[in-house]
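Number of protein chains: 2
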Amino acid sequence: MISHEQFSHVDTTPASQARERYRAGLIEPTAGVARGFTQANMIVLPRDWAFDFLLYAQRNPKACPVLDVSDAGSHTTALAKGADLRRDVPLYRIWRDGRLAEETPDASSAWAEHPDLVSFLIGCSFTFETPMSEAGIDIRHITDGSNVPMYLTNKPCRPAGRLHGNMVVSMRPIPADRVADAATISGRFPSVHGSPVHVGAPEAIGIADLSKPDFGDAVRIEPGEVPVFWACGVTPQAAVMASGVPFAITHAPGHMFITDIPDSAYHV
Amino acid sequence: MISHEQFSHVDTTPASQARERYRAGLIEPTAGVARGFTQANMIVLPRDWAFDFLLYAQRNPKACPVLDVSDAGSHTTALAKGADLRRDVPLYRIWRDGRLAEETPDASSAWAEHPDLVSFLIGCSFTFETPMSEAGIDIRHITDGSNVPMYLTNKPCRPAGRLHGNMVVSMRPIPADRVADAATISGRFPSVHGSPVHVGAPEAIGIADLSKPDFGDAVRIEPGEVPVFWACGVTPQAAVMASGVPFAITHAPGHMFITDIPDSAYHV
Chain S
1 MISHEQFSHV DTTPASQARE RYRAGLIEPT AGVARGFTQA NMIVLPRDWA FDFLLYAQRN
61 PKACPVLDVS DAGSHTTALA KGADLRRDVP LYRIWRDGRL AEETPDASSA WAEHPDLVSF
121 LIGCSFTFET PMSEAGIDIR HITDGSNVPM YLTNKPCRPA GRLHGNMVVS MRPIPADRVA
181 DAATISGRFP SVHGSPVHVG APEAIGIADL SKPDFGDAVR IEPGEVPVFW ACGVTPQAAV
241 MASGVPFAIT HAPGHMFITD IPDSAYHV
Chain Y
1 MISHEQFSHV DTTPASQARE RYRAGLIEPT AGVARGFTQA NMIVLPRDWA FDFLLYAQRN
61 PKACPVLDVS DAGSHTTALA KGADLRRDVP LYRIWRDGRL AEETPDASSA WAEHPDLVSF
121 LIGCSFTFET PMSEAGIDIR HITDGSNVPM YLTNKPCRPA GRLHGNMVVS MRPIPADRVA
181 DAATISGRFP SVHGSPVHVG APEAIGIADL SKPDFGDAVR IEPGEVPVFW ACGVTPQAAV
241 MASGVPFAIT HAPGHMFITD IPDSAYHV
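Chains as they are written, first to last, in the working numbering: chain S, 1 to 268; chain Y, 1 to 268.
For reference, chain S alone in the conformation it holds in the complex:
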């Protein structure tokens, strides 16, 4: 179990300063922010739903690699010193009966509705973007200053208890001669989605039009580039919708929780 205590020798100022900006109300996608520190997807559920979700994550580890689970009622995490999970994400989504009820930069009041919330932090593919970039692979959405494009696929996840839904993927256009490198590099980070789940042929996973992502922003695809798809930590939100979960708090896609953990901690 990785914890921020192991990295007390690391200067985590960029991560804690980013959290402070978001706590103060700044709203922005976090791609490229506090480069080198692990970002995480979040889903927060009442204790009664926690086992179903943890099982869903275990059965769908490419999409839902769990990095930390907080104790019921807690709003702290082992992954970031002094963090407040209710306020340190730039933008939250509040879900009621499987529907998006609200987006807010501060989830404190929704959080207060349930005394027994369990928070799950889930790996994010942003973690392997730095090593891919260092290997000379352009990360298009960072270069172009936009949010990563994400798509709801037709690939069902393995259900668990009351939870079911399809996989969400993120997409990066990769030059055909670097696809193997992108697969190899990301594969070395299995706890943050790992290697791609699909390369090319978007129609085979139910994506009709790459220019119309279900979440995030569309990105340029240059000639000779292939769309490469990674399992995405927005998958839990698809399950919330498909399963009609009564109450959940999540991050808004692309607006991640920034931890104190160096990306390299998840390298195998």
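Be aware that one or more of the hints could be misleading.
Just so you know, same-sequence chains aren't split out, so a pair can sit in one copy or run between any two.
To be verified - Heads up, simulated SDA-like pairs for lysine to any residue below, C-alpha to C-alpha not over 25 angstroms straight-line: (1) Lys62 x Val179; (2) Lys155 x Ala265; (3) Lys155 x Ile2; (4) Lys81 x Pro159; (5) Lys155 x His4; (6) Lys155 x Glu225; (7) Lys62 x Ile205; (8) Lys155 x Phe7; (9) Lys62 x Asp263; (10) Lys62 x Pro262; (11) Lys62 x Tyr266; (12) Lys81 x Ser3; (13) Lys155 x Gln6; (14) Lys81 x Thr130; (15) Lys62 x Met1; (16) Lys62 x Thr184; (17) Lys81 x Pro29; (18) Lys62 x Ser264; (19) Lys155 x Ser70; (20) Lys62 x Ala265; (21) Lys81 x His164.
Hints are computed from structural coordinates only; laboratory data are not their basis.
Assemble chain Y onto chain S, guided by the hints.
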């Protein structure tokens, strides 16, 4: 999520025949049996304890890497076609109020006491023994035809809910000039305990005498060899004891459940 359905092209006869022998009553340690097929530790708990255990596993992934979780009340697994988790392990342990109540080759009657049992299959370090052996590293307990030695350490696991306890480790003596190779090779299998947690200095983790393992058999240590310790899937049994869990069924140490999944499926 790995499932036996992905390996329908693989001849799994050695695995299914081993399970049939154990179902018929054969009792033996499984090291070296059905070589090339993944073996698993097992713990079975009532539904009321399942979330605590899944969280314990998530917080202690080196010791408790979860490969499959069955639905409550089921005695099948996605990892082996036609398997019966109540009978296909060569030797079971029945635990009551944190104490070992019985060892039996057939857990059916104990299983029938609870209608809502949830079964967890957990990775086993036997998985990386084949590639270590292929790299020319002698696996002493296989060479000598004994069970692997396991030790209860003084290293506490991160608790979860009602569960706490110390880590159990398995030990293999490795020539000093191959320790790095053993670490590298096992590190490529993070979901079956991965790289060693400790190399040399057994006293630093509370092991006073290597010739007196807490589970399994002592093994020869030759001059120039270093004891190398890997996190072990008997750790849940230490938690059952330390936490006074009212009811649990586990495998007996070294007597594993043999799946249909090729070891290579867990290679990253």
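Structure-based check of all given hints:
Proximity of Lys62 to Val179 under the C-alpha cut-off of 25 angstroms is restricted to the intra-copy arrangement: shortest distance 19 angstroms within a copy versus 31 angstroms between copies. Taking the shortest alpha-carbon separations for Lys155 and Ala265, only the inter-copy value of 21 angstroms comes in at or below 25 angstroms, while the best intra-copy value is 30 angstroms. In this assembly of identical chains, Lys155 and Ile2 lie within 25 angstroms of each other by CA distance solely across copies; the values are 15 angstroms between and 31 angstroms within a copy. For a Cα distance limit of 25 angstroms, the shortest separation of Lys81 from Pro159 across copies, 19 angstroms, qualifies, whereas the shortest one inside one copy, 34 angstroms, does not.
In this assembly of identical chains, Lys155 and His4 lie within 25 angstroms of each other by CA distance solely across copies; the values are 18 angstroms between and 35 angstroms within a copy. In the homo-oligomer, the alpha carbons of Lys155 and Glu225 lie at most 25 angstroms apart inside one protomer (24 angstroms), although the nearest pairing across protomers, at 49 angstroms, exceeds that limit. Taking identical chains as interchangeable, the C-alpha atoms of Lys62 and Ile205 lie at most 25 angstroms apart only when both belong to the same chain, with a minimum of 16 angstroms there against 34 angstroms between chains. Only between protomers do Lys155 and Phe7 lie at most 25 angstroms apart by alpha-carbon distance; the minimum there is 19 angstroms, versus 38 angstroms within a single protomer.
Proximity of Lys62 to Asp263 under the C-alpha cut-off of 25 angstroms is found in both arrangements, the shortest distances being 17 angstroms within a copy and 19 angstroms between copies. When the C-alpha separation of Lys62 and Pro262 is checked against a cutoff of 25 angstroms, the pair qualifies both within a copy, at 20 angstroms, and between copies, at 19 angstroms. Both within a single protomer and between protomers do Lys62 and Tyr266 lie at most 25 angstroms apart by alpha-carbon distance, with minima of 14 angstroms and 13 angstroms respectively. Taking the shortest Cα distances, Lys81 and Ser3 sit within 25 angstroms of each other inside one copy (9 angstroms), while across copies they are farther apart (38 angstroms).
Proximity of Lys155 and Gln6 under a CA criterion of 25 angstroms is satisfied inter-copy only: 15 angstroms between copies versus 37 angstroms inside one chain copy. Proximity of Lys81 to Thr130 under the C-alpha cut-off of 25 angstroms is restricted to the intra-copy arrangement: shortest distance 23 angstroms within a copy versus 41 angstroms between copies. When the C-alpha separation of Lys62 and Met1 is checked against a cutoff of 25 angstroms, the pair qualifies both within a copy, at 18 angstroms, and between copies, at 8 angstroms. Taking CA atoms no more than 25 angstroms apart as the test, Lys62 paired with Thr184 passes in both settings, with 15 angstroms inside one copy and 23 angstroms between copies.
With identical chains, the CA atoms of Lys81 and Pro29 are at most 25 angstroms apart within one copy only, with a shortest distance of 22 angstroms there and 45 angstroms across copies. Both within a single protomer and between protomers do Lys62 and Ser264 lie at most 25 angstroms apart by alpha-carbon distance, with minima of 18 angstroms and 17 angstroms respectively. In this assembly of identical chains, the alpha carbons of Lys155 and Ser70 lie at most 25 angstroms apart only when taken from different copies (21 angstroms versus 29 angstroms within one copy). In this assembly of identical chains, the alpha carbons of Lys62 and Ala265 lie at most 25 angstroms apart whether taken from the same copy (18 angstroms) or from different copies (14 angstroms).
Proximity of Lys81 to His164 under the C-alpha cut-off of 25 angstroms is restricted to the inter-copy arrangement: shortest distance 23 angstroms between copies versus 33 angstroms within a copy.
Checked against the numbered hints given earlier, this structure breaks none of them.
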